Amino acid sequence: MTTATTGRTAPAGAVGTAHPRVEGRDKVTGAARYAGDIPFADLAHGRLVLSTVARGRIRAVETADVLGMPGVLAVLHHGNAPRVDTDYTGMLGVPPDPTAAVFQHDRIPHAGWPVALVVAETPEQAREAAEALVVTYERQPHDIAFRAGRPDAYPADGHMPAATEKGDLEAELAASAHVVDAEYTTPEEHHAMMEPHAATALWDGGRLEVVDSNQGTTWIADELVKMFSLEPSAVRVRSEHVGGGFGSKGLRAHQVAAVMAATALRRPVRVVLTRRQMFSLTGYRSPTTQRIRLGADADGRLRALEHRSLNQTSTVWEFVEPSSGPARVMYDADAHRTVNEVVRLDVPSPTWMRAPGEAPGSFALEAALDELAERCGVDPVELRLRNEPGRGPVSGLPFAGRNLAACFREGARRFGWAGRDPRPGVRREGRRLLGTGTAAASFPAGALPATAAVTAQADGTFTVRIAAADIGTGARTALTLVAADALRVAPDRVRVRIGDSDFGPAGLAGGSMGTRSWAWAVTAAAEELRDRLVPGAAVPPEGITVRSDTTAALGALAQQERHSFGAQFAEVAVDVTTGEVRVRRMLGIFAAGRIVNPLTARSQLVGGMTWGISMALHEEAVRDHASGGLYGADLAGYHIATHADVPAIEADWVDDPDPDDPVGIKGIGEIGVVGAAAAVANAVWHATGVRHRSLPIRPDRVLRAGGPGV
Amino acid sequence: MREFDYRRADDVPGAVALLGADPDARYLGGGTNLVDLMKTGVERPARLVDVRRLPLDRIEPTDDGGLRIGATVTNSDLAAHPEVRRRYPALAQAVLAGASGQLRNMATVGGNLLQRTRCGYFADVSRPCNKRVPGSGCPAVTGEHRNHAVLGASEHCVAVHPSDMGVALTAFDAVVSYETADGPGQLPLDGLYLPVGDTPHRETALPAGALVTGVTLPPAPVAARSRYRKVRERASYAFAIGSVAAALDVSNGIVCEARLAFGAVASRPWRARAAERVLTGAPADEEYFAAAADAELAAARPLPDNGYKVTLMRNLVVAVLSELAEEAAR
Chain H
1 MTTATTGRTA
11 PAGAVGTAHP
21 RVEGRDKVTG
31 AARYAGDIPF
41 ADLAHGRLVL
51 STVARGRIRA
61 VETADVLGMP
71 GVLAVLHHGN
81 APRVDTDYTG
91 MLGVPPDPTA
101 AVFQHDRIPH
111 AGWPVALVVA
121 ETPEQAREAA
131 EALVVTYERQ
141 PHDIAFRAGR
151 PDAYPADGHM
161 PAATEKGDLE
171 AELAASAHVV
181 DAEYTTPEEH
191 HAMMEPHAAT
201 ALWDGGRLEV
211 VDSNQGTTWI
221 ADELVKMFSL
231 EPSAVRVRSE
241 HVGGGFGSKG
251 LRAHQVAAVM
261 AATALRRPVR
271 VVLTRRQMFS
281 LTGYRSPTTQ
291 RIRLGADADG
301 RLRALEHRSL
311 NQTSTVWEFV
321 EPSSGPARVM
331 YDADAHRTVN
341 EVVRLDVPSP
351 TWMRAPGEAP
361 GSFALEAALD
371 ELAERCGVDP
381 VELRLRNEPG
391 RGPVSGLPFA
401 GRNLAACFRE
411 GARRFGWAGR
421 DPRPGVRREG
431 RRLLGTGTAA
441 ASFPAGALPA
451 TAAVTAQADG
461 TFTVRIAAAD
471 IGTGARTALT
481 LVAADALRVA
491 PDRVRVRIGD
501 SDFGPAGLAG
511 GSMGTRSWAW
521 AVTAAAEELR
531 DRLVPGAAVP
541 PEGITVRSDT
551 TAALGALAQQ
561 ERHSFGAQFA
571 EVAVDVTTGE
581 VRVRRMLGIF
591 AAGRIVNPLT
601 ARSQLVGGMT
611 WGISMALHEE
621 AVRDHASGGL
631 YGADLAGYHI
641 ATHADVPAIE
651 ADWVDDPDPD
661 DPVGIKGIGE
671 IGVVGAAAAV
681 ANAVWHATGV
691 RHRSLPIRPD
701 RVLRAGGPGV
Chain W
711 MREFDYRRAD
721 DVPGAVALLG
731 ADPDARYLGG
741 GTNLVDLMKT
751 GVERPARLVD
761 VRRLPLDRIE
771 PTDDGGLRIG
781 ATVTNSDLAA
791 HPEVRRRYPA
801 LAQAVLAGAS
811 GQLRNMATVG
821 GNLLQRTRCG
831 YFADVSRPCN
841 KRVPGSGCPA
851 VTGEHRNHAV
861 LGASEHCVAV
871 HPSDMGVALT
881 AFDAVVSYET
891 ADGPGQLPLD
901 GLYLPVGDTP
911 HRETALPAGA
921 LVTGVTLPPA
931 PVAARSRYRK
941 VRERASYAFA
951 IGSVAAALDV
961 SNGIVCEARL
971 AFGAVASRPW
981 RARAAERVLT
991 GAPADEEYFA
1001 AAADAELAAA
1011 RPLPDNGYKV
1021 TLMRNLVVAV
1031 LSELAEEAAR
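Quick note, the sequences are listed as chains H and W, same order.
Residue numbers for the first sequence follow the numbering used here, so the first one is 1 and each next one is one higher.
Residue numbers for the second sequence follow the numbering used here, so the first one is 711 and each next one is one higher.
So here's chain H without its partners, still in its complex pose:
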């Protein structure tokens, strides 16, 4: 037995210093096991069968032949699957997407709807049998025509009010010296994280265990408890390593199907989605059409701002991509109107995808600002500085730190923005035209309640237990540093265990809130533990554990406009003979709270900016109108930026600690994406003189649009 040795005086703080991922070695050596790799005795394998029609009814699932195939154990479908409960509200305040509640009826609401699960002894047998399963349908005509001006579109709230309005928009537009009125579109985009969704379900001593890849074990456990009407204590969900989530790894068809099969067969069942299945079963970012009207004085001060956004959702679940949201934070105007609308089509349910609302919304809004700068003859950076609001444009609340101007000043200095020739289409280098662009970024800084347990061990080490999720962000490492500082010990004496719903409730890795929410709970428990440990006193063999719960502390936070901000800069070269756009360099300066681990934070911000390049130039899921399904739904057909598309990207930050957060954190998961596509698109205009208001800016579009020398 050793004595308690938390420091009374703080060693050099770990928070703010670069620290490699604590599980990095395990990941690069393959020692880290992902959900689909973990061995189980007596494991059976399920393979989902998806509908090939976009709308209709299942006539028959012809199971007889398939049940006779080698190794096949069962075929679950709407005719034999247990009924589940979908009439509840989950942790995120929304009902479950019925796409996850598999096999409950015979209706087909979209192409790629799950119609059956074939379970067999091996994955190969399950796959062969699933491909052989004959399902017949009664086909009905489908409607997937997403476009502006659909009469069946309607305003919808989602995670914010559908509409906000103040002032007389038409009057202010009429009185404006400069007006921009433009429509922008963004395509259907997919998360396409590296690790496919995978879950193993088993019953162990009356408890349901699910080993999964998800963004929050508490979240998934809560959904399964409600959907299968189980006692909360009867469900345990684990998810130790996650190869990317981006909003897609919530409750999905694979976990529910695995639980159904494990229950029916009384043995462990694993269901892994294929890449193609992920394109219809795991959510996506809806396409958007956005109309923006800006009116400004001669000097560029905004008098009128209108941002209307439309996205599609499925007929079974309402999801709002709130693209007009950023306008409620970024810019004030005497007349200000924002609306988010949806239209229900025979398509899969969209969902949260990295910077939902902000990513497509900032493209349209920040491109429109660039157009306004052109009209007014005001530098784009200066235009934004002139329109810095003192309070929330819609809420009227004060900002809890708005360091956007500092980001622009530092960014402009480092990018070499000063003296930029504003004229488009005049910089030529051989067959290429060069241009630069900028855009602003913002993302809400929030926190979710969490509980944590910190234990002082007799050997002088500490163990943190929290149902956090590290979806590749570096959260496990960040929490190690946070705990070390709160305990005033070196990080190597702290072990952080995450990804287990048995550790007590905690929020998900999402909304840029994960690390902040968990760090708050870990800090609270660790600080109390430090106070409890008496210097020189012995720690008993069972250790000393302190638990925390941040629910009350979060509830006491004053209502304010709480956001991260950023300024994005990009330089592009456009080959006018081929229409190819290449980003040459990119810089993002962010005001995003205290940065816990500069090493992983930079990765996350650069990753977000890379996502922005991909969004600007590459990503588009194409829906085939005849079938209602996707065309080329794989990673050869769905183009994401490759290494060769990604130039030297620099991401850095200004000092911006959140005064109301115990560690000063705001959250960095999403801000790097925001505004990045607009900066690239604005640079393309500066290069060519052509406004590309539809993403992605592909060679075919550049060639069609023409421009100088094209």
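Hints listed in this document are in silico derivations from the structure and should not be mistaken for laboratory results.
All of these numbers come straight from a predicted model, not from anything done at the bench.
Hints may contain errors.
Unchecked claim - One-sided excerpt, in silico: chain W residues whose CB lies under 7 Å from chain H:
hint : residue
1    : Leu897
2    : Glu943
3    : Tyr947
Quick reminder that beta carbons are idealized off the backbone N, C-alpha and C, glycines included.
Go by the hints and put chain W onto chain H.
Frame of chain H; chain W shown alone:
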């Protein structure tokens, strides 16, 4: 995935015998296309005959000054070969423009020529496709066809051949050698691929069961000044939306000889002979380069969403030929 029988052949006659006359058997090279198609159910062979270890992995000079390239030479080895780089630089460039390093290490010359289209309808067994299921229809004509053919297609199929390597080989008059149970044979690469017509499922003129054993490049001094330029929707690891293999011999400002082939515009690598005829004997300047492109592209029949390819190919021809002419003038 259907269970299949796997055999590895040790010599060419053995491979041909193992395949026999079985229409359900396939030769397996690097597997970089066939295995994908097996995963998606487009190909469901009962037997695979692995030919990757056949002694066809050499690149050798021919007596007349050309090169003989074995069918199992990997893309990586082909692109790295000093004689390929010296005598046919566009071929090395074309190979390196394709796929990724890992795929090029696996993929073989024979497999490259016989790879299938990447049309998304062909790849999706839940959709009609005349190439996959003759007579079922071609959804691309009225559906998604941004990257489909503008030359030589028919209402029955508008898919493009995805090869980069083949474009350069076509420009340099490559000849394909094959082996059958009845003995060896040869086909000019330009004649390997059949016209689309109303039989898009019949892709090559190879006899049933034929094993491609190699490709022979005749001597082509003009190829020493050659270039391959590929345009795609991202900087790497994507199939072309348009590409050009070009070689140019210029003397006193006049084109003595020109070779030109297009990729990603037709069901096969497209030898641009009409353009070559315009170029030969013409001044080496942009006006004639554009006229040559126009002569070839006069036959283009774009669909509503792929007309940009005509602009793209015209621009590419002018750009690449101009670069070669500038190089020649230096």
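Going through the hints against the structure:
Taking 7 Å as the C-beta cut-off, the interface hint given for Leu897(W) is violated, the closest approach to chain H being about 29 Å. Interface restraint check: Glu943(W) against chain H, minimum CB-CB distance 5 Å, threshold 7 Å, status holds. The interface hint given for Tyr947(W) holds, since its Cβ lies 5 Å from the closest Cβ of chain H, which is under the 7 Å cut-off.
Against the hints set out earlier in the document, a violation occurs for number 1 only.
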